[in-house]
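Spelled out, the chains give:
2 protein chains.
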Amino acid sequence: MKILIDAMGGDNAPLCVLQGAAQAAAEFGQGMDLVLLGDEAALKACAAQNHIDLAPFTIVPCSEVVDMHDDPVKAARHKPDSSLVKGLTMLKNGEGDAFVSAGSTGALHVGTSLIVRTLKGVKRPALATPMPGAKQNFLLLDCGANAECRPEMLNAFGTMGSVYAQKVMGRAQPQVALVNNGAEDTKGTPIYREAHQLLKANPCIRFAGNIEPRYIMDGDIDVVVCDGFVGNVVLKLTEGVAKTLLGMLKGVFLKNLVTKLCYLGVKGGLGELKRMMDSEEVGGAPLLGAAKPVIKAHGSSKAKGIKNAIRQAKTCVQNDLCGTMQTALNALQTPAQG
Amino acid sequence: MKILIDAMGGDNAPLCVLQGAAQAAAEFGQGMDLVLLGDEAALKACAAQNHIDLAPFTIVPCSEVVDMHDDPVKAARHKPDSSLVKGLTMLKNGEGDAFVSAGSTGALHVGTSLIVRTLKGVKRPALATPMPGAKQNFLLLDCGANAECRPEMLNAFGTMGSVYAQKVMGRAQPQVALVNNGAEDTKGTPIYREAHQLLKANPCIRFAGNIEPRYIMDGDIDVVVCDGFVGNVVLKLTEGVAKTLLGMLKGVFLKNLVTKLCYLGVKGGLGELKRMMDSEEVGGAPLLGAAKPVIKAHGSSKAKGIKNAIRQAKTCVQNDLCGTMQTALNALQTPAQG
Numbered sequence: 512m513k514i515l516i517d518a519m520g521g522d523n524a525p526l527c528v529l530q531g532a533a534q535a536a537a538e539f540g541q542g543m544d545l546v547l548l549g550d551e552a553a554l555k556a557c558a559a560q561n562h563i564d565l566a567p568f569t570i571v572p573c574s575e576v577v578d579m580h581d582d583p584v585k586a587a588r589h590k591p592d593s594s595l596v597k598g599l600t601m602l603k604n605g606e607g608d609a610f611v612s613a614g615s616t617g618a619l620h621v622g623t624s625l626i627v628r629t630l631k632g633v634k635r636p637a638l639a640t641p642m643p644g645a646k647q648n649f650l651l652l653d654c655g656a657n658a659e660c661r662p663e664m665l666n667a668f669g670t671m672g673s674v675y676a677q678k679v680m681g682r683a684q685p686q687v688a689l690v691n692n693g694a695e696d697t698k699g700t701p702i703y704r705e706a707h708q709l710l711k712a713n714p715c716i717r718f719a720g721n722i723e724p725r726y727i728m729d730g731d732i733d734v735v736v737c738d739g740f741v742g743n744v745v746l747k748l749t750e751g752v753a754k755t756l757l758g759m760l761k762g763v764f765l766k767n768l769v770t771k772l773c774y775l776g777v778k779g780g781l782g783e784l785k786r787m788m789d790s791e792e793v794g795g796a797p798l799l800g801a802a803k804p805v806i807k808a809h810g811s812s813k814a815k816g817i818k819n820a821i822r823q824a825k826t827c828v829q830n831d832l833c834g835t836m837q838t839a840l841n842a843l844q845t846p847a848q849g
Numbered sequence: 512m513k514i515l516i517d518a519m520g521g522d523n524a525p526l527c528v529l530q531g532a533a534q535a536a537a538e539f540g541q542g543m544d545l546v547l548l549g550d551e552a553a554l555k556a557c558a559a560q561n562h563i564d565l566a567p568f569t570i571v572p573c574s575e576v577v578d579m580h581d582d583p584v585k586a587a588r589h590k591p592d593s594s595l596v597k598g599l600t601m602l603k604n605g606e607g608d609a610f611v612s613a614g615s616t617g618a619l620h621v622g623t624s625l626i627v628r629t630l631k632g633v634k635r636p637a638l639a640t641p642m643p644g645a646k647q648n649f650l651l652l653d654c655g656a657n658a659e660c661r662p663e664m665l666n667a668f669g670t671m672g673s674v675y676a677q678k679v680m681g682r683a684q685p686q687v688a689l690v691n692n693g694a695e696d697t698k699g700t701p702i703y704r705e706a707h708q709l710l711k712a713n714p715c716i717r718f719a720g721n722i723e724p725r726y727i728m729d730g731d732i733d734v735v736v737c738d739g740f741v742g743n744v745v746l747k748l749t750e751g752v753a754k755t756l757l758g759m760l761k762g763v764f765l766k767n768l769v770t771k772l773c774y775l776g777v778k779g780g781l782g783e784l785k786r787m788m789d790s791e792e793v794g795g796a797p798l799l800g801a802a803k804p805v806i807k808a809h810g811s812s813k814a815k816g817i818k819n820a821i822r823q824a825k826t827c828v829q830n831d832l833c834g835t836m837q838t839a840l841n842a843l844q845t846p847a848q849g
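Chains as they are written, first to last, in my numbering: chain L, 512 to 849; chain E, 512 to 849.
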């Protein structure tokens, strides 16, 4: 198995990418071919400076870099020798089995659509983010790749998310729900009402009905479906509220000597709480619906985030995620015989 | 000033409504006429049982009740002698200056549109909820009354929210922002892009541009504008995430004797944090755009929530909220002279 890694993507590249890739190689890299794409001289210098052994890796030199200010479409079209575009091109050409990048979400999304292409029945891939829930993690899609979605797209998200939950998250019978402002199937906009009916009739999933935003974080549902505008709100607002509350909690403990001592007593438990809300732990966001596995690691990924994204890519390939997904999508496309 | 109060609305009616109204009468009711609408016998029995003095109140007897299972339109049309519909009718007829209810949001919204009617230029009122922010409270609208909104509606929400922030929340120069999945004015759906342009050109407000969901809870913005579908997600998800995190925090403190002792040390600070997230504290949600002040108290309001909603109603009347809002909306309607 060959995993392609964008060594220049993300806020902490290339150092954290190299560190994460080295950890992946050590922990679960046996029998895997890990390919680093990037500025060869920069990678070698960074590795030497930080005592990272490059022996487990193949380096594919790239002369360009896609940065956060690049227009996604222009970057995908006009930076063929960037680590991001070259990686996607190699994936397309069969010179790799999966691609991992912490680079620009927009460029990765557009590049995946244009270069790797999508499964039959999928117009544009959805960004699916694993999120922390009280009971267990859940998958949220779309998280912002497609601001507007037709009902059929939301239905396909249900199918794709369900397959991912089974094949990569290890959920035997994943439950799928649609974000909506009420439990009744008459709730929401016309698009959500129609999507509800399609999901209800979808033979490939276990549809649990609408999920009200108040209950999303409970983690009772495995796959939470919504359009990219709403998904972005759910993803980022959760981060924002958690950050604000944990920040205020810090203030409570910093008040005086007594509260500081109290902090020591509950430090372990608070650490667990913080870890639960840590995007590094839950892993990267797959671009579901792409013809081959593409994993978007968080832009601010440290080594652990990169390592976990590489692990996700490995699981996708091992379990033939894209093949299984295509079969499920085909079932969706074929009208039932009367 | 005469405030009409739906004594039968909400999960804890009539007891908590009577308690809240009694507190309002004692704290800031001087010179005010507080009118309780409901089943007279039930109100009197409840008051007697709980030692609540009904002397400060006028009771308007009602023979019907709108409950949470009633269809909003049917309830508004066919239950004229319910406390909710009778209150709105009295408001419409000038037999009161404002109406407060913790009853069905749907029925109150539809009833307000049909009976009290809206200001000129407003098709349907928006539900505006004061929300807790790290820096200070902010107003979120629409919170679910209008799942789909045209750009002009979102623009009117900006105007109405800004007037409310000035007149009732005491913000001298309120900042208005539009929820969106990026700071750039090219972000979001076509409706949000057009709304952004309208808000930018709106002479009645200080428009701060788009606000990303991650920053909503910071409280740097006074008025946060979005459609009712997204607003419901923001409102309810914030509640859900806060509830989940505070619940997990409780688990951390309950772990053993040491952590329980630590809890005692930070109890005060944690109480403040909890109070901040308490919807009772921040008050009810005005139906902005109604021709006269209508305040929706949270369905689960206890006495404090009802008292604070009555206080809001008083401030709305004192500061001629609806008159000021109509003037601002008129300015929006008049095309600029070339």
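Think of the hints as simulated: they come from the structure by calculation, not from any bench.
Be aware that a few hints might be false.
[Unchecked claim] Simulated crosslink set (DSS-like; lysine-lysine; CA at most 30 Å straight-line): (1) L:K785 <-> E:K754; (2) E:K785 <-> L:K778; (3) L:K585 <-> L:K555; (4) E:K698 <-> L:K813; (5) E:K631 <-> E:K555; (6) L:K513 <-> L:K646; (7) E:K747 <-> L:K646.
A quick look at each hint next to the structure:
no.	hint	in the structure
1	L:K785 <-> E:K754	holds, 15 Å
2	E:K785 <-> L:K778	holds, 20 Å
3	L:K585 <-> L:K555	holds, 29 Å
4	E:K698 <-> L:K813	holds, 28 Å
5	E:K631 <-> E:K555	violated, 40 Å
6	L:K513 <-> L:K646	violated, 34 Å
7	E:K747 <-> L:K646	holds, 19 Å
Hint violations for this structure: numbers 5, 6, all remaining hints satisfied.
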